[in-house]
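Trainee: Each chain, written out:
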Amino acid sequence: MKSLAELQAIREKMRDKVVLREDSGEIRVVVGMATCGIAAGARPVLNTFVEEVNSHGLNNKVTVSQTGCIGICQFEPVVEVYEAGKEKVTYVRMTPEKAKEVVEKHLKSGKIIAEYTITNDRLIGG
Amino acid sequence: MKELSLNILDVAENSVKAKATLTEILLEETEDTLTLEIRDNGTGMDEKTVKSVTDPFYTTRTTRKVGMGVPLLKLAAEQTDGSFSVESSVGEENHGTTVTAVFNKNHLDFTPLGDVVSSITTLVQGHPDTDFYFSHRKGENEVTLDTRELREVLGDVPLNSYEVIKWIEEYLKEQYSSDF
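Same order as they appear, the protein sequences are chains A and B. Residue 9 in the numbering used here sits at position 9 of the first sequence; the count goes up by one each step and never skips. Heads up: take any position in the second sequence, counting from 1, add 126, and you land on the numbering used here.
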């Protein structure tokens with residue numbers, strides 16, 4: 001059974017890491033979690049980002065957070081990627097599968113997946 | 127919404143936006159009914175605002191003109207011949223809002239609860255600095271989570287650390303598999 005003692009162990013383990021995190025977060029992944037996003041499937045997309053960022057060991061480089069509606073409800077689930085010194089990338093109509101790919105290619109290797117971005121979606125008319 | 131747990135996630139966000147320091151999500155089941163209560167100690171709303179939140183064309187947002195969260199939950203309850211109510215107070219001492227929805231579980235149009243564990247972990251992941259109390263009761267059995275207790279043990283470790291989120295997920299799943 002899970003116990004609060006286990007949390008105590010997590011605390012001990014995290015002691016050093018927390019210090020590290022202060023100057024981390026080079027990349028920020030923001031998932032739209034308003035009514036429109038949630039109804040379109042944002043919850044599993046968010047959870048996939050949290051899982052995959054961890055399994056690729058990117059926790060110190062990438063932070064995953066949530067935001068409300070950014071006003072393009074028809075493109076939900078929407079995910080924005082912010083990186084210092086670079087232009088914001090907006091991924092649209094996301095799925096857990098696409099999220100896995102974004103972690104692997106974009107967050108890990110720095111290659112934007114143009115096919116999933118809003119610019120591309122608008123060009124081909126979705 | 128495909129699952130009631132998604133409505134819960136959505137409507138609980140309103141509590142956080144109303145600056146609640148504690149949001150309680152209470153589920154109580156009988157043979158025939160499911161009662162959902164989302165109770166917060168946020169800023170609360172005046173009488174006029176309370177009346178307008180069930181109107182889909184009311185929203186405080188400026189990016190768009192509709193606010194579907196509360197109307198969708200109301201619809202989900204009423205389509206099972208259940209009930210829905212919002213109570214709120216803006217008093218100096220006792221401010222906050224309580225949303226109550228009662229569902230008839232055996233009604234054809236009852237939306238299944240779905241993955242409520244995922245909704246709870248998502249709420250904590252997104253709002254690590256506010257507290258959540260979750261309780262799901264069915265007869266003698268109860269599944270609970272109180273982030274205030276976790277915070278006490280964790281000290282300055284943020285609640286949205288991966289390890290903590292995973293712990294919460296497992297903790298809730300274990301309770302569901304043994305008590306429900």
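Heads up, some of the hints might be wrong.
Said to hold, decoys possible - Straight-line alpha carbon distances no greater than 27 Å define the calculated BS3-like cross-link-like pairs of lysine-lysine that follow:
#1 B:K292 with A:K13
#2 A:K86 with A:K61
#3 A:K13 with B:K145
#4 B:K231 with A:K98
#5 A:K100 with B:K299
#6 B:K128 with B:K174
#7 A:K13 with A:K86
#8 A:K88 with B:K177
Think of the hints as simulated: they come from the structure by calculation, not from any bench.
Trainee: Decide, hint by hint, whether the structure agrees.
Mentor: We went through each hint and held it up to the structure:
Among the hinted pairs, K292 (chain B) with K13 (chain A) is consistent with the structure: their alpha-carbon atoms are about 15 Å apart, no more than 27 Å. The hinted pair formed by K86 (chain A) and K61 (chain A) meets the criterion: a straight-line CA distance of about 15 Å does not exceed 27 Å. Proposed proximity of K13 (chain A) and K145 (chain B) is contradicted: the alpha carbons are some 31 Å apart, above 27 Å. The straight-line distance between the Cα atoms of K231 (chain B) and K98 (chain A) is roughly 35 Å, outside the 27 Å bound, and the hint therefore fails.
In summary, the hint linking K100 (chain A) to K299 (chain B) is supported, as the alpha carbons are separated by about 24 Å, within the 27 Å threshold. Restraint check for K128 (chain B) and K174 (chain B): not satisfied, since their Cα atoms lie roughly 31 Å apart, outside the 27 Å limit. With a CA separation close to 34 Å, the supplied pair K13 (chain A) and K86 (chain A) exceeds the 27 Å bound. As the CA atoms of K88 (chain A) and K177 (chain B) are separated by approximately 39 Å, the hinted pair breaks the 27 Å bound.
Hints 3, 4, 6, 7, 8 from the list above are not met by this structure, while the remaining hints are.
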